[in-house]
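There are 2 protein chains.
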Amino acid sequence: MAKKLSEIGEFGLIDEVIAPRFKDLLGEDITGIGDDCAVMPFTDDEVQIVTTDLLIEEIHFLRAKISAFQLGFKALAVNLSDIAGMGGTPTGTFLSVAFPKNLGVAWIEKFMEGYRSLSEKENVPLLGGDTTNTPDNIVINVAVTGRMKKSEVKRRSHARPGDYVAVPDNLGDSPGGLQYILDGLPEDKFSESLLKQHLTPYPKVSEGRWLAKKEQVHAMMDVSDGVGSDLHHIVKASNVAAELYLEKTPMSDNLREASKKYGWNAEELAYSGGEDYTLLLTVDPEAFEKLAGDFSKTFGRPLQVIGKIIEGEPGLKYLRNGKPLDGPGKGFSHF
Amino acid sequence: MAKKLSEIGEFGLIDEVIAPRFKDLLGEDITGIGDDCAVMPFTDDEVQIVTTDLLIEEIHFLRAKISAFQLGFKALAVNLSDIAGMGGTPTGTFLSVAFPKNLGVAWIEKFMEGYRSLSEKENVPLLGGDTTNTPDNIVINVAVTGRMKKSEVKRRSHARPGDYVAVPDNLGDSPGGLQYILDGLPEDKFSESLLKQHLTPYPKVSEGRWLAKKEQVHAMMDVSDGVGSDLHHIVKASNVAAELYLEKTPMSDNLREASKKYGWNAEELAYSGGEDYTLLLTVDPEAFEKLAGDFSKTFGRPLQVIGKIIEGEPGLKYLRNGKPLDGPGKGFSHF
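Protein sequence lines, in the order shown, are assigned to chains V and A. Under numbering that gives the first Met the number 0, the first residue of the first sequence carries the number 0, and numbering increases by one thereafter. Under numbering that gives the first Met the number 0, the first residue of the second sequence carries the number 0, and numbering increases by one thereafter.
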């Protein structure tokens, strides 16, 4: 029987159907499919980076569960997060939208206000796009261009055995917020910060740019599918393995308390929930203490070690207080 | 009552809701919304250009009426046509797709083959994108980056009174092909070339690059909505008017014959049908003869004069043998 898309999944589609067909067209020094952004040479010492993300109503968001302002903000945020993952500076954004004909203009105005709000904060202009109508579900595609020094580009493939694996933020708040939404839970004293992290995640562009300038940061990417899935991309691209120390998982008190109240597996949310839109990096262990101190002075919060890169077949080992355990899931696939 | 999107239309959405919100974020020397591509400075003498187009099943194509290969080819073609409209060279493409879960992998493979076929012909790599699923209609967004000399960028706003308005191809073949499809007409001796032009339009990237190097070409853009609509963008951006000579409309014999057979208004198709994906340019009249001769020697077909830029309030006047008439419609809007 003819194979269906659901049988090969999102990564199968990219690795088996799409990427192999274009390898021979790649010019020298070009990074195509396989990192947060494509990297294209431009001048001798600068590169252009590009990323794009597609959001479909009912798959990525529910119109009744996110305000137009929040959706506009988030549509840009998830793309700027990819620019942050490389350590680049965004230069322009491109917004394609398909709206149903009967959508109110006021809704669209609020959507654009949310998009503008983050554009202004990060000082990046909307430079183009496309508008059309759609028979039913809203469709949003954002593409972002950026630029950066060639020598500062941070890739998934540069992790080295011995590196600490670190993140600059708590994990799991966004998936915690999503639980409130999906389960229709009433707001309580824990929900506000979790919902905010889910509905208007702030992309870590400044942090990414700062970290990109540090040679001791070896690999970096943004956390979009959850560390369990995203770190898997790093170990695969770098041909190393990693161990994760579950007792060190940085989680907010609100996530812990809400998890207790509702019986959620907080670690599962932290590692597999996705959409935290923070950074995931591997750092030279000798240099970590000084780097973390400087980071903390600059950004007012710590860089937190959650694991270590080790030699071995690409894969993740979850440990609790030194003892191996079967880990939470490896992130979700859109198919 | 709250205003609906259908009341302000596509151009109202862009001009009233989107563009004004971002004007103050535009840096110096940046062209944002309002031309075929955004233009961003990069080095002292080179600029980066970017365009993006969104295609939605049932709005822009019917899955039963276009093969997967043709759709992949065309999705890229319509974007490369925007690069051609500026006179630039494409450097990378970015493909976001949403497919239903039950779509066959073989269909997707053929789609990618069509996309690759044009990528290879124009030597431009696919460098990234996004893949996700969709509850129903296929969604395709393509973004293309390009580069070119700053001094060669051709804009909509540079038309001058006295300029000839010219095109390098017949008009109306693509909308003629669309008529065959929409009316379910049987293939005949006229249909093949019309259907080919509709289903796999070839973007005029080489022609655009050649024309961009000529100072005597003042304004240029690609023809996507039909000359009647697209020339309106040029006269508006240049603050001039234009007259069009209907007796000079370049049309293929197949379009004329099919129009006779089926009672179509061939001129209406030529000016308002859209999707011809050729170029529309205005040229210094003194220089036209030599330019057209060189063009013909290089590309094996003539540059054809279809009208003239004149002074006046932005607008189009349709003439037949010197006599004014009410013109065909002014192109279509997606809303």
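Derived from the structure by calculation, the hints contain no laboratory data. Some clues are possibly wrong.
Remember, identical chains collapse to one label, so a pair may be satisfied in a single copy or spanning two.
[Unchecked claim] Straight line, CA to CA, 27 Å or less: simulated DSSO-like cross-link-like pairs of lysine-lysine:
(1) K22 <-> K109
(2) K316 <-> K212
(3) K3 <-> K64
(4) K100 <-> K3
(5) K247 <-> K195
(6) K148 <-> K316
(7) K109 <-> K2
(8) K3 <-> K109
(9) K100 <-> K64
Bear in mind that the values here come from a model prediction, so they are computed numbers and not experimental data.
Could you place K148 and K316 in one of the four classes (within, between, both, neither) given a Cα distance threshold of 27 Å?
neither (34 Å within a copy, 51 Å between copies)
Up to 27 Å CA-CA - K2 versus K109, copy category:
between (42 Å within a copy, 14 Å between copies)
Between copies, within a copy, both or neither: which fits K3 and K109 at Cα up to 27 Å?
between (38 Å within a copy, 14 Å between copies)
With identical chains treated as interchangeable, where does the CA-CA distance between K3 and K64 reach 27 Å or less: within a copy, between copies, both, or neither?
between (31 Å within a copy, 21 Å between copies)
At most 27 Å between alpha carbons: which applies to K316 and K212, within, between, both or neither?
neither (30 Å within a copy, 59 Å between copies)
Can you give me the call for K247 and K195, within, between, both or neither, at a CA distance of at most 27 Å?
Answer is within: at 24 Å inside a copy they meet the 27 Å cutoff, but 61 Å across does not.
Up to 27 Å between alpha-carbons, please classify K22 paired with K109: within, between, both or neither.
For K22 and K109, only the inter-copy Cα distance (17 Å) is at most 27 Å; the intra-copy one is 41 Å.
Using 27 Å as the alpha-carbon threshold, which applies to K100 and K3: within, between, both, or neither?
The answer is between: 7 Å across copies meets 27 Å, while 32 Å in one copy does not.
Could you figure out if K100 and K64 sit no more than 27 Å apart (CA to CA) within one copy, between two copies, both or neither?
Both ways: K100 and K64 sit 21 Å apart in one copy and 24 Å across, limit 27 Å.
Checked against the numbered hints listed earlier, the structure breaks hints 2, 6; every other hint is satisfied.
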